[in-house]
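As a plain string of letters, each chain reads:
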Amino acid sequence: QQQVKQSPQSLIVQKGGISIINCAYENTAFDYFPWYQQFPGKGPALLIAIRPDVSEKKEGRFTISFNKSAKQFSLHIMDSQPGDSATYFCAATSLLSGSARQLTFGSGTQLTVLP
Amino acid sequence: DAGVTQSPTHLIKTRGQHVTLRCSPISGHKSVSWYQQVLGQGPQFIFQYYEKEERGRGNFPDRFSARQFPNYSSELNVNALLLGDSALYLCASSLGPGNEQYFGPGTRLTVT
Numbered sequence: 021q022q023q024v025k026q027s028p029q030s031l032i033v034q035k036g037g038i039s040i041i042n043c044a045y046e047n048t049a050f051d052y053f054p055w056y057q058q059f060p061g062k063g064p065a066l067l068i069a070i071r072p073d074v075s076e077k078k079e080g081r082f083t084i085s086f087n088k089s090a091k092q093f094s095l096h097i098m099d100s101q102p103g104d105s106a107t108y109f110c111a112a113t114s115l116l117s118g119s120a121r122q123l124t125f126g127s128g129t130q131l132t133v134l135p
Numbered sequence: 018d019a020g021v022t023q024s025p026t027h028l029i030k031t032r033g034q035h036v037t038l039r040c041s042p043i044s045g046h047k048s049v050s051w052y053q054q055v056l057g058q059g060p061q062f063i064f065q066y067y068e069k070e071e072r073g074r075g076n077f078p079d080r081f082s083a084r085q086f087p088n089y090s091s092e093l094n095v096n097a098l099l100l101g102d103s104a105l106y107l108c109a110s111s112l113g114p115g116n117e118q119y120f121g122p123g124t125r126l127t128v129t
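Protein sequence lines correspond, in order, to chains V and X.
Residues in the first sequence are numbered consecutively from 21, following the numbering used here.
Residues in the second sequence are numbered consecutively from 18, following the numbering used here.
Don't read these hints as lab results, they were simulated from the structure.
It cannot be assumed that every hint is accurate.
Calculated lysine-lysine pairs in the DSBU-like style (CA-CA distance at most 30 angstroms, straight line) [to be verified]:
1) V:Lys62 <-> X:Lys47
2) V:Lys62 <-> V:Lys25
3) V:Lys88 <-> V:Lys78
4) V:Lys77 <-> V:Lys88
5) V:Lys91 <-> V:Lys77
6) X:Lys69 <-> V:Lys62
7) V:Lys77 <-> V:Lys25
8) X:Lys30 <-> V:Lys62
9) V:Lys77 <-> X:Lys47
Okay, chain X solo, but in the shape it has when bound:
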């Protein structure tokens, strides 16, 4: 079975630009969560979606937004990129919002 997939693998953007990251969950999983992992730190929770609805949001500014589609895939959008947004963005999927989360390989975002 395919695991969680994320695209793109790597991305380089300039300050002030916008970025969209994509995630496809494990087949049968209906919940997707997004995490930001800055180099040398543990992942930090950004969002959780279930059945296309936001179920939780971490302490991130409104520049961060997400959505989930009818096929349970998800997008994370970040506007007005800052240098500090450079990180590995991880997507995790789970059967439901309270179940074990399985992580994808992440998208490495570099903001210059």
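Okay, chain V solo, but in the shape it has when bound:
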């Protein structure tokens, strides 16, 4: 049961271009939306995250746009670089019990930035 839908599956961008990855969710219990970057042979690394009461968050070249009413959020990578080539996962957290939280991941987007 995929609760976070991510697209596209793969993305090829020229160096200096903008990379855009989209995610959508149905579960209104999700209350925190992080993005992870994963290089081959490595675990996912937290890139940037947003709470649903904020419509946009920017950190350097990375920006999350969040549309609560549409239950959609996206990652924009400005001035994409070959070093950004990796797999990107959107995720959402929900409460398990007490203060415990569960991460639910999208299916991933393999980004290739051409030099």
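Given chain V's structure and the hints, the job is docking chain X onto it.
Same frame as chain V, but now just chain X:
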């Protein structure tokens, strides 16, 4: 500071066997979560432990079990291995069960 460490890096097992995977959290982190990442997919939540108690469990069969030790390290055990258990098993640690999770490099399990 050392990040999350996992051992072993790679493991090859035969169907029906048992496997134990180990995780050491970042110093000061008291919560550990386990995820299964099948090739080409996003990680799927298996367990979360905090202060040696299970705080949450994903949709995995009872063949999967885990525990957390007094030093906050953790083990994931899988019994009666199936071919479909072949995956990258990720451990993530956090200060507490509701805090940011930081992932280790994973253990690549291959079941033949």
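Do the hints match the structure? See the list:
1. Between lysine 62 (chain V) and lysine 47 (chain X), the direct Cα distance comes to roughly 22 angstroms. Compliance with the 30 angstroms bound is thereby established for this hinted pair.
2. For the suggested pair lysine 62 (chain V) and lysine 25 (chain V), the alpha carbons sit about 23 angstroms apart, so the restraint of at most 30 angstroms is met.
3. As the CA atoms of lysine 88 (chain V) and lysine 78 (chain V) are separated by approximately 17 angstroms, the hinted pair is consistent with the 30 angstroms bound.
4. Taken as a hint, the lysine 77 (chain V) and lysine 88 (chain V) pair is honoured in the structure, with Cα atoms around 14 angstroms apart against an allowance of 30 angstroms.
5. A threshold of 30 angstroms between alpha carbons decides the hint, and for lysine 91 (chain V) with lysine 77 (chain V) the separation of about 16 angstroms falls inside it, so the pair holds.
6. This hinted pair checks out: lysine 69 (chain X) and lysine 62 (chain V) have alpha carbons roughly 26 angstroms apart, not beyond 30 angstroms.
7. For the proposed pair lysine 77 (chain V) and lysine 25 (chain V), the alpha carbon gap of about 21 angstroms is at most 30 angstroms, so the pair holds.
8. Straight-line distance between C-alpha atoms of lysine 30 (chain X) and lysine 62 (chain V) comes to about 21 angstroms, which keeps the hinted pair within the 30 angstroms bound.
9. Straight-line distance between C-alpha atoms of lysine 77 (chain V) and lysine 47 (chain X) comes to about 29 angstroms, which keeps the hinted pair within the 30 angstroms bound.
In terms of the numbered hints stated before, the structure departs from none.
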